[in-house]
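Respectively, the protein sequence lines represent chains H and F.
Each residue of the first sequence is one higher than the one before, counting from 1 in UniProt numbering.
Each residue of the second sequence is one higher than the one before, counting from 1 in UniProt numbering.
Since the hints were derived computationally from the structure, they do not count as laboratory data.
Honestly, I wouldn't trust all of these hints.
Note that identical chains are pooled: a pair holds if it fits in a single copy or bridges any two copies.
[Claimed, not checked] Taking lysine-lysine pairs in the BS3-like style, the calculated list, with each CA pair at most 25 Å apart, reads: (1) 159 <-> 366; (2) 333 <-> 181; (3) 214 <-> 51; (4) 389 <-> 366; (5) 159 <-> 214; (6) 165 <-> 238.
2 protein chains.
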Amino acid sequence: MTTANNKKGVILEGRVLAQDFPLDPLTKKILLEITPPSMGNNQADVDRVRKELIKQFGPVRVPLSLMQYIPYICRETDWQVTATVGYNGSDWELIALEPGNTTDRHYGLAIDIGTTTVVVYLVDMLTGQIISTASDYNGQVVLGDDILTRIFLAVYENKLPDFQKAVVTTINNLILELAGKNAVNPEEVSAVTVGANSTMIHMLLGLDPSRICKEPYIPVVNSPGFVRASEIGLRVNKLAMLYSFPSVGSYVGGDVIAGVMVSGMHLDSEVSLFVDIGTNGEIVLGNKDWLVACAGAAGPALEGGVAKAGMRAAEGAIERLSIEPGTLAVSFKTIGDVKPIGICGSGLIDCLSELLLNGLINRQAKFQDGCKEFVLVPATESGTGEEIKITQKDIDDLMRTKGAVNAAVETLLEGIGCDLASVSKFFTAGAFGQYLPIESSINIGLYPDLPRDKIRLLGNSSGEGARQALLSNQKRLEAEEIAGRITYFELNANDSFFSRFVGSRFLPHTNLDYYPTVKQKLKDRGLLS
Amino acid sequence: MTTANNKKGVILEGRVLAQDFPLDPLTKKILLEITPPSMGNNQADVDRVRKELIKQFGPVRVPLSLMQYIPYICRETDWQVTATVGYNGSDWELIALEPGNTTDRHYGLAIDIGTTTVVVYLVDMLTGQIISTASDYNGQVVLGDDILTRIFLAVYENKLPDFQKAVVTTINNLILELAGKNAVNPEEVSAVTVGANSTMIHMLLGLDPSRICKEPYIPVVNSPGFVRASEIGLRVNKLAMLYSFPSVGSYVGGDVIAGVMVSGMHLDSEVSLFVDIGTNGEIVLGNKDWLVACAGAAGPALEGGVAKAGMRAAEGAIERLSIEPGTLAVSFKTIGDVKPIGICGSGLIDCLSELLLNGLINRQAKFQDGCKEFVLVPATESGTGEEIKITQKDIDDLMRTKGAVNAAVETLLEGIGCDLASVSKFFTAGAFGQYLPIESSINIGLYPDLPRDKIRLLGNSSGEGARQALLSNQKRLEAEEIAGRITYFELNANDSFFSRFVGSRFLPHTNLDYYPTVKQKLKDRGLLS
Numbered sequence: 001m002t003t004a005n006n007k008k009g010v011i012l013e014g015r016v017l018a019q020d021f022p023l024d025p026l027t028k029k030i031l032l033e034i035t036p037p038s039m040g041n042n043q044a045d046v047d048r049v050r051k052e053l054i055k056q057f058g059p060v061r062v063p064l065s066l067m068q069y070i071p072y073i074c075r076e077t078d079w080q081v082t083a084t085v086g087y088n089g090s091d092w093e094l095i096a097l098e099p100g101n102t103t104d105r106h107y108g109l110a111i112d113i114g115t116t117t118v119v120v121y122l123v124d125m126l127t128g129q130i131i132s133t134a135s136d137y138n139g140q141v142v143l144g145d146d147i148l149t150r151i152f153l154a155v156y157e158n159k160l161p162d163f164q165k166a167v168v169t170t171i172n173n174l175i176l177e178l179a180g181k182n183a184v185n186p187e188e189v190s191a192v193t194v195g196a197n198s199t200m201i202h203m204l205l206g207l208d209p210s211r212i213c214k215e216p217y218i219p220v221v222n223s224p225g226f227v228r229a230s231e232i233g234l235r236v237n238k239l240a241m242l243y244s245f246p247s248v249g250s251y252v253g254g255d256v257i258a259g260v261m262v263s264g265m266h267l268d269s270e271v272s273l274f275v276d277i278g279t280n281g282e283i284v285l286g287n288k289d290w291l292v293a294c295a296g297a298a299g300p301a302l303e304g305g306v307a308k309a310g311m312r313a314a315e316g317a318i319e320r321l322s323i324e325p326g327t328l329a330v331s332f333k334t335i336g337d338v339k340p341i342g343i344c345g346s347g348l349i350d351c352l353s354e355l356l357l358n359g360l361i362n363r364q365a366k367f368q369d370g371c372k373e374f375v376l377v378p379a380t381e382s383g384t385g386e387e388i389k390i391t392q393k394d395i396d397d398l399m400r401t402k403g404a405v406n407a408a409v410e411t412l413l414e415g416i417g418c419d420l421a422s423v424s425k426f427f428t429a430g431a432f433g434q435y436l437p438i439e440s441s442i443n444i445g446l447y448p449d450l451p452r453d454k455i456r457l458l459g460n461s462s463g464e465g466a467r468q469a470l471l472s473n474q475k476r477l478e479a480e481e482i483a484g485r486i487t488y489f490e491l492n493a494n495d496s497f498f499s500r501f502v503g504s505r506f507l508p509h510t511n512l513d514y515y516p517t518v519k520q521k522l523k524d525r526g527l528l529s
Numbered sequence: 001m002t003t004a005n006n007k008k009g010v011i012l013e014g015r016v017l018a019q020d021f022p023l024d025p026l027t028k029k030i031l032l033e034i035t036p037p038s039m040g041n042n043q044a045d046v047d048r049v050r051k052e053l054i055k056q057f058g059p060v061r062v063p064l065s066l067m068q069y070i071p072y073i074c075r076e077t078d079w080q081v082t083a084t085v086g087y088n089g090s091d092w093e094l095i096a097l098e099p100g101n102t103t104d105r106h107y108g109l110a111i112d113i114g115t116t117t118v119v120v121y122l123v124d125m126l127t128g129q130i131i132s133t134a135s136d137y138n139g140q141v142v143l144g145d146d147i148l149t150r151i152f153l154a155v156y157e158n159k160l161p162d163f164q165k166a167v168v169t170t171i172n173n174l175i176l177e178l179a180g181k182n183a184v185n186p187e188e189v190s191a192v193t194v195g196a197n198s199t200m201i202h203m204l205l206g207l208d209p210s211r212i213c214k215e216p217y218i219p220v221v222n223s224p225g226f227v228r229a230s231e232i233g234l235r236v237n238k239l240a241m242l243y244s245f246p247s248v249g250s251y252v253g254g255d256v257i258a259g260v261m262v263s264g265m266h267l268d269s270e271v272s273l274f275v276d277i278g279t280n281g282e283i284v285l286g287n288k289d290w291l292v293a294c295a296g297a298a299g300p301a302l303e304g305g306v307a308k309a310g311m312r313a314a315e316g317a318i319e320r321l322s323i324e325p326g327t328l329a330v331s332f333k334t335i336g337d338v339k340p341i342g343i344c345g346s347g348l349i350d351c352l353s354e355l356l357l358n359g360l361i362n363r364q365a366k367f368q369d370g371c372k373e374f375v376l377v378p379a380t381e382s383g384t385g386e387e388i389k390i391t392q393k394d395i396d397d398l399m400r401t402k403g404a405v406n407a408a409v410e411t412l413l414e415g416i417g418c419d420l421a422s423v424s425k426f427f428t429a430g431a432f433g434q435y436l437p438i439e440s441s442i443n444i445g446l447y448p449d450l451p452r453d454k455i456r457l458l459g460n461s462s463g464e465g466a467r468q469a470l471l472s473n474q475k476r477l478e479a480e481e482i483a484g485r486i487t488y489f490e491l492n493a494n495d496s497f498f499s500r501f502v503g504s505r506f507l508p509h510t511n512l513d514y515y516p517t518v519k520q521k522l523k524d525r526g527l528l529s
């Protein structure tokens with residue numbers, strides 16, 4: 001894994017996270033000073049340990065696999081032992097018993113499983129802070145690029161076990177990397193939380209995803225709750241529990257629930273709009289009284305590999321780009337500050353925006369004067385020895401993505417009878433949401449033209465939600481409550497969506513009055529009278 | 001397995017058991033008529049099933065291993081399914097989901113694991129009745145005859161896994177036998193309860209028994225509670241829970257707790273005495289306000305294989321025996337009504353009693369006039385072609401057993417300051433307790449000389465206790481409560497015990513006034529002036 005790629009995951013690392021909730025992690029560690037047995041006090045070992053735990057937690061289950069070690073562990077350090085106790089959603093269970101006092105070492109993992117990228121956060125359960133982050137491509141990518149392909153292969157070619165193994169292997173390798181870097185034994189990881197979309201959760205748990213993509217779109221489970229992490233092969237303490245964020249349905253997954261929770265929009269009296277753009281775009285609208293969500297295929301235009309020069313956000317990818325008015329000289333920044341080898345999603349959006357603002361394409365997003373492409377980097381300056389350019393087809397793909405997201409937002413607002421002016425906050429989430437340039441995203445009409453102070457970048461809110469649920473039972477219950485509150489709004493059942501989608505193939509929008517700041521920019525540059 | 005051997009286990013079978021508690025079995029089966037999903041009702045499959053369960057049970061955990069099958073099971077019978085839900089001591093969990101209505105088939109197992117014999121009862125959870133019983137020697141017998149040998153081998157020759165495997169294999173074979181005979185799929189068994197002594201429970205669960213037999217006698221666990229039956233390899237539904245009766249300590253095990261529960265002495269305002277004689281003798285004295293227990297090695301004299309002609313209670317064993325006064329002709333009854341091949345515990349006690357009442361041995365239990373043995377069956381009439389006889393050594397062994405039990409009862413009564421007259425009921429339990437002839441047991445002083453209407457045979461109360469705990473959560477909690485209430489009385493710490501043991505080598509007792517009915521019999525026969 002390159003440093004540049006790693007950057008994707010470090011968006012939460014390095015800064016001290018504000019803790020707006022009290023620490024109440026899924027597992028607790030406590031030191032037990034146990035009275036040793038004697039002829040006058042011959043209680044059995046396990047019952048003796050349990051008696052101490054009951055004082056703190058009430059009834060605590062002791063798994064058989066731990067019972068057999070308890071006599072040895074207790075006698076190794078003369079009955080001073082550290083218990084790790086975990087909550088499994090309904091009761092407390094002993095997860096580990098260690099000799100001596102190890103209460104200063106208490107670890108959990110928060111995991112964001114994206115279709116493309118997996119990010120694992122090693123969390124200090126004592127402080128709530130992220131100790132270290134590791135990320136890598138989801139190992140499923142090499143088996144099937146997009147979600148639908150993966151579902152197809154899982155269902156029709158019996159590859160579900162391969163997909164499960166691939167993502168578990170990815171996570172396990174990241175766990176080993178984190179463990180090595182931070183001198184933590186994976187056995188010391190006592191709890192795991194995961195934010196991911198429904199298909200990723202199904203594949204992680206080995207559940208049949210076949211009905212996710214066919215009417216009436218019924219997942220196997222929306223609220224998997226807690227399962228034993230070792231049951232799916234995760235290399236952590238074999239009694240550690242894994243909590244998966246609940247989903248609302250096939251297309252509004254746990255990653256979105258995590259995002260809503262992190263945004264706080266579900267507690268706000270004012271209305272917020274939450275947008276997570278990946279291969280699918282998920283949109284949530286609402287406040288403390290109501291929450292409505294919709295989802296639609298945004299298309300893979302931003303995911304790399306679609307545009308001719310497109311690539312994922314890895315080293316050598318152009319991530320920011322500008323074109324100087326007049327000279328049309330292209331400036332850019334690459335990930336890792338090396339020679340460019342391609343362009344990633346954020347670069348593509350900058351590029352489309354700059355082509356528009358410099359009059360190189362018209363408002364229908366077409367090149368002018370018979371031109372069919374625009375060279376961003378000449379062959380001599382690129383890292384591959386070939387020129388990096390954007391073609392009309394690349395732009396058309398990007399327009400479909402922006403059109404789908406835009407139409408979905410408008411259809412949802414209209415369907416709910418809410419106008420954009422009443423939206424007090426606009427949250428962007430997900431891997432793209434973190435990196436998409438706001439101004440360019442507005443210029444091309446991907447984001448609505450709102451006052452900039454209303455726009456909030458949530459970063460990897462799926463991972464941050466996982467961290468919060470790892471650290472707070474109350475947050476975990478909040479996630480379940482959000483999932484239960486969200487009403488799903490079916491875009492496909494709505495005629496308005498398709499006509500909006502077709503009509504939204506203008507830059508930034510068919511109706512320029514919806515985009516006053518972009519209209520002004522175009523006027524300022526003499527592109528509009 | 002022979003029919004005769006099987007007889008050992010059938011003591012509860014065939015008669016309709018009075019149910020003095022309401023049926024509230026550890027697992028429940030209910031029919032779910034689930035609304036199928038549709039575009040307007042697209043809840044996920046697992047959540048859909050869980051929603052129905054919550055109506056009846058509150059929160060119900062759905063194990064991952066079941067989640068994956070739920071979509072198929074529900075669709076197989078158009079969303080009419082039968083759920084088996086089990087209680088694991090703290091919350092409810094889905095154990096099975098079957099297509100269609102299978103609520104008329106609901107099975108559990110109650111198991112009594114004796115050091116020598118294992119009895120498995122197949123219980124109908126709908127009626128509470130025993131459908132069928134199977135029993136066999138505990139497979140551990142061939143590895144080590146008595147408990148101390150087994151502990152030694154487990155600890156010093158690392159044979160614990162072998163002992164665990166042996167008893168699990170015994171149980172599994174009995175399960176297969178019951179399943180085959182009664183057309184029940186072992187997968188349909190959704191709960192298992194076990195009554196057994198502490199060492200048997202340790203070996204069943206794979207727990208180190210080494211500290212059971214050395215000061216300060218600390219078991220690994222007294223209250224194992226619920227563990228997954230499949231975790232120890234039992235061939236039942238792999239999500240079925242196994243509940244083990246709690247023990248009070250190393251020497252007062254779950255079998256005794258089960259016996260006390262079945263006797264009802266813990267609810268009685270009058271004082272009862274409970275005696276379970278096996279290799280060890282366990283004695284409980286008390287009432288609804290207090291319970292005291294003691295235990296001591298009774299010796300293996302009654303278990304077969306010690307006496308020269310001794311054998312276990314299997315086909316061909318002399319189980320009842322009498323000697324005609326005057327002619328000294330021996331009449332007997334064998335198990336299976338076949339030619340005798342040996343004599344089992346009950347036959348030995350009859351024999352000793354008859355030898356005494358016919359003046360063939362004196363009150364010191366010694367043959368008279370240089371005689372060293374007594375032939376019970378001549379070679380021509382025995383099934384082996386050899387004569388069956390009782391020797392002085394056999395009698396001496398038996399005297400040690402009766403002495404130990406008698407001394408323990410007297411020491412406990414004295415220690416508590418309770419006299420025999422205030423004992424309102426005398427319960428005998430365990431494999432021997434069921435079969436020992438009461439009059440002969442009193443004649444030799446093994447049992448106290450109480451009015452006969454005070455004496456109650458509990459049968460296999462360990463198995464019956466297991467059946468009750470299987471059928472009633474309240475009974476299960478009652479067992480835990482009994483275990484918590486019993487005070488252990490240490491015989492070895494009591495000088496009186498040893499002097500009583502030494503002094504009790506008279507028939508029936510050093511002080512004949514303790515045995516007025518026996519004294520009268522001896523007088524009637526002219527053996528006492």
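Structure-based check of all given hints:
Taking identical chains as interchangeable, the C-alpha atoms of residue 159 and residue 366 are never at most 25 Å apart, the minima being 42 Å within one chain and 80 Å between chains. Taking the shortest alpha-carbon separations for residue 333 and residue 181, neither the intra-copy value of 29 Å nor the inter-copy value of 78 Å comes in at or below 25 Å. Only between protomers do residue 214 and residue 51 lie at most 25 Å apart by alpha-carbon distance; the minimum there is 23 Å, versus 52 Å within a single protomer. For a Cα distance limit of 25 Å, the shortest separation of residue 389 from residue 366 inside one copy, 15 Å, qualifies, whereas the shortest one across copies, 113 Å, does not.
With identical chains, the CA atoms of residue 159 and residue 214 are at most 25 Å apart within one copy only, with a shortest distance of 18 Å there and 55 Å across copies. In this homomeric assembly, residue 165 and residue 238 come within 25 Å of each other (Cα to Cα) both inside a single copy, at 17 Å, and across copies, at 23 Å.
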